[in-house]
Structure formats: C-alpha cells, structure tokens
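Participant: Sequence:
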Amino acid sequence: MHSVMRIGDGLRARQDNFLWLRIIAALMVIYGHSLIISPSPGVTDLFASWRTYSGEIAVDIFFALSGFMVSGSFMRRPDWVDFMTARILRLIPALLVCLVLLAYVVGPVLSNLDSHSYFASKLPRRFVKWNLQFASRQSYLLPGVFTTNAVKDTVNGSLWTIPAEMRMYVFLAIFGVLGFFRSRRVASVILLVLFIAGAVVPWQLPLFDGWIKMSGYFALGVLAFMYKDDIPVRTDILAALVYLAFLSRAVWIYPILVALAITYFCFWFAYRLKLPRIERFGDPSYGTYLWGWPASQAFAQFVGPGHPYGCALAAGAASLVLGYLSWHSIEKPAMRLKMRVHSIFKFGQTSAQ
Numbered sequence: 014m015h016s017v018m019r020i021g022d023g024l025r026a027r028q029d030n031f032l033w034l035r036i037i038a039a040l041m042v043i044y045g046h047s048l049i050i051s052p053s054p055g056v057t058d059l060f061a062s063w064r065t066y067s068g069e070i071a072v073d074i075f076f077a078l079s080g081f082m083v084s085g086s087f088m089r090r091p092d093w094v095d096f097m098t099a100r101i102l103r104l105i106p107a108l109l110v111c112l113v114l115l116a117y118v119v120g121p122v123l124s125n126l127d128s129h130s131y132f133a134s135k136l137p138r139r140f141v142k143w144n145l146q147f148a149s150r151q152s153y154l155l156p157g158v159f160t161t162n163a164v165k166d167t168v169n170g171s172l173w174t175i176p177a178e179m180r181m182y183v184f185l186a187i188f189g190v191l192g193f194f195r196s197r198r199v200a201s202v203i204l205l206v207l208f209i210a211g212a213v214v215p216w217q218l219p220l221f222d223g224w225i226k227m228s229g230y231f232a233l234g235v236l237a238f239m240y241k242d243d244i245p246v247r248t249d250i251l252a253a254l255v256y257l258a259f260l261s262r263a264v265w266i267y268p269i270l271v272a273l274a275i276t277y278f279c280f281w282f283a284y285r286l287k288l289p290r291i292e293r294f295g296d297p298s299y300g301t302y303l304w305g306w307p308a309s310q311a312f313a314q315f316v317g318p319g320h321p322y323g324c325a326l327a328a329g330a331a332s333l334v335l336g337y338l339s340w341h342s343i344e345k346p347a348m349r350l351k352m353r354v355h356s357i358f359k360f361g362q363t364s365a366q
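The sequence shown runs 14 to 366 under our numbering.
It is worth saying that the hints were derived from the structure and are not from the lab.
One or more hints might be untrue.
[Stated by the list, open to error] The list that follows gives simulated cross-link-like pairs (lysine to aspartate or glutamate, DMTMM-like), each with its CA atoms no further than 25 angstroms apart:
#1 Lys-345 - Asp-95
#2 Lys-351 - Glu-178
#3 Lys-345 - Glu-292
#4 Lys-241 - Asp-29
#5 Lys-351 - Asp-296
#6 Lys-165 - Asp-127
#7 Lys-226 - Glu-69
#8 Lys-241 - Asp-92
#9 Lys-287 - Asp-242
#10 Lys-287 - Asp-249
#11 Lys-165 - Asp-222
#12 Lys-226 - Asp-22
#13 Lys-345 - Asp-29
#14 Lys-351 - Glu-292
Just need the whole structure built from these sequences, with the hints factored in.
Facilitator: Take a look at the structure:
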C-alpha cells in the first residue's frame, strides 16, 4: 500500500508546480479584467455561476500561496531583517519601475493631452508616490489616459492588492518576532481569533475593508505550512470540497468552503500534477500581474470594446513577455542584493553596540 502524500512530503521533494500556478493565476486576472475592460453583451466569466469571477479567484490563489511560502521562509529562518529585506526587494523594484514607466513613458504616449499639459499635471507624480506608500489610499489616474474606455481613467486597477500583500508581510514578521510561531497551538488560536474577528467585527482590524478576505486566504496559507505534515494531498478530498462549496452557494458557509477548496486546490495542483519544469526560464508571474491591466486598457483604447477574448489573449501575451523582462532585468538582480543589504544592516547594528 502506498503511503499518502502530504504537503510536507511535496515540500521536501522540492518539485512542485507553484510557478505554473502563479502564472496561470496572473493570466486569470487578465482574463477576468478583459471582460470588464472590453465588455461584450452576453459574454460572462467562466466562474459567474459561483458568485465570483476569474480575477477574484486568482487573487485568492496568490494570497494563499503567499501565506504558505513566506511563512515557510520566516519559520525556516526566523530573522525579521532578512525576511523583510527579501520581501521589500521582491515587491518594490518591479513595482517602482512599472509605476515610473506608466507615469512618464506610457502615459504621455497614450494620453489625449499634449505633452506640456500632461507633465504640468500633478497626477503623474501622485501616481508614483501614492502607490509606493502601501496604504489604502492609492492613485489610479494619469492625465488624459484611458478616458474613453469602458473603465474610464483607471490606468492600473490591479495595484490595489499590493498594499495588502505588504501589510501581510509586516504582520507575519511582527507575529514571528513576538514568538507566536514557536507554538503551533498558540499560532492556530491567534489565527482563529483573527478569522472570527474578520467575519464578525472586521472594522476592529487594522486592515482596509477590501483586504479582509485576502488576509483570510493568506492566513490559510500560513496554517497550511504549520500543518504541512498533517494535511494529505488527495484528489477525492479536493473533489469533496469543491462539491460541498458548490452545493452551499446560497448558504452562509459558502465563502468558507470556497476558501478551503481554493487553498486545497493550490497544493493538489502543485504536488499531484506532472507538468514540465519551467523554472529555468524565470518567474514572470509578478510582472505579468503588474502589467496585465494597463496592457488590457491599451488594447481597448486601440481596438475598442466588444473583444474580451482578443483583449485577454493580446494583453496576456504582452504581459507575459513583460513579466519575463521584469524578472530578468529587475526582480532577479534585486533579489541578489538581499545578502548585501542584510550584511550592511547587521554591521550597523554591531557598530552601534
């Protein structure tokens, strides 16, 4: 009799499909947004019957995977300086380049204003500054850009999840410094209390309303890592969760069952499917996500509404190329700076003592 594979077994084998899943999720976001950016009568999202849409499911996947991966990173090496350095270098450089290029290169080209009027506006500077503050207040406008599209003025509507991601990193580091992860029982109780608070009194949490759901998926990812040696990865369990979720669409427990099904699907996909290895080409998922919305808006501006599938294909292909460019020219070089920054910080601490 074969032993049952558990999440921990897959993790130790160091062979998974997480990169495939992140890329698919980024393309799902683009597909979901294309139906809104280039709408066509009668065309609905594949997941409309589930009271959701592709982009929302993809973001849920991103946060579940993020909770799993970054909590594992911290628990394996509980150094908050090293942890936050890695997280900052992973998020900010590619985001900064994307914002600057949109505000000062792409924006002037696509704007219906002349160059003088465009650069006389405060919006380009605000677009970069506000979106680097990782707060709920963000800027989506550039002067004269996408003003005639179905989704007017919004240059990059995908940016709203980035501050939530950074907030999750900070909370995870704080919990780690306070020692909550030294006891699986203590960490589980704390996360359970936060789950209940998010459902009953979400206004009491230091989170923007739109971030509550994403934080729940992130917490599920953290729990999955803590219980990785106890959670089996089986097709019948996934099928049961999906079936129960579908049956409960009109019941209050539906969001919880969907969250469990989506999170469990991540590990089933990662460890049960045999897919070609693509890691050697790099990780384009973050860059694809960052550029997906503006690429879709650019398609809609030049082609017009009514072509959601064409928009998804064109924007998906363009964003995937930009994602690989972002990885090789920005993200990968930035990650190489981690040890240097960490050494400088540690040297400063030692010198101050």
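Participant: Decide, hint by hint, whether the structure agrees.
Facilitator: Now the hints, each set against the structure:
1. Restraint check for Lys-345 and Asp-95: satisfied, since their Cα atoms lie roughly 17 angstroms apart, inside the 25 angstroms limit.
2. Pair hint Lys-351 plus Glu-178 holds up; C-alpha atoms about 19 angstroms apart against a cutoff of 25 angstroms.
3. A distance of roughly 13 angstroms separates the Cα atoms of Lys-345 and Glu-292; the hinted pair therefore holds under the 25 angstroms criterion.
4. Between Lys-241 and Asp-29 the CA atoms are separated by roughly 14 angstroms; this keeps the pair inside 25 angstroms, and the hint holds.
5. For a cut-off of 25 angstroms, the pair hint linking Lys-351 to Asp-296 stands: about 18 angstroms separates their Cα positions.
6. Distance restraint check for Lys-165 and Asp-127: the Cα-Cα separation of roughly 19 angstroms lies within the 25 angstroms cut-off, and the hinted pair is therefore satisfied.
7. Our distance criterion of 25 angstroms between C-alpha atoms is met by Lys-226 and Glu-69, whose separation comes to about 10 angstroms.
8. With a C-alpha separation of about 21 angstroms, the suggested pair Lys-241 and Asp-92 falls inside the 25 angstroms cut-off, and the hint holds.
9. The suggested pairing of Lys-287 with Asp-242 holds, with an alpha-carbon distance near 21 angstroms, which does not exceed 25 angstroms.
10. Straight-line distance between C-alpha atoms of Lys-287 and Asp-249 comes to about 18 angstroms, which keeps the hinted pair within the 25 angstroms bound.
11. Between Lys-165 and Asp-222 the CA atoms are separated by roughly 23 angstroms; this keeps the pair inside 25 angstroms, and the hint holds.
12. With a C-alpha separation of about 29 angstroms, the suggested pair Lys-226 and Asp-22 falls outside the 25 angstroms cut-off, and the hint is violated.
13. At roughly 20 angstroms between alpha-carbon atoms, Lys-345 and Asp-29 fall within 25 angstroms of each other, so this suggested pair holds.
14. Of the pairs offered as hints, the one joining Lys-351 and Glu-292 holds, with about 20 angstroms between alpha carbons and a cut-off of 25 angstroms not exceeded.
Of the numbered hints stated above, the single one contradicted by the structure is hint 12.
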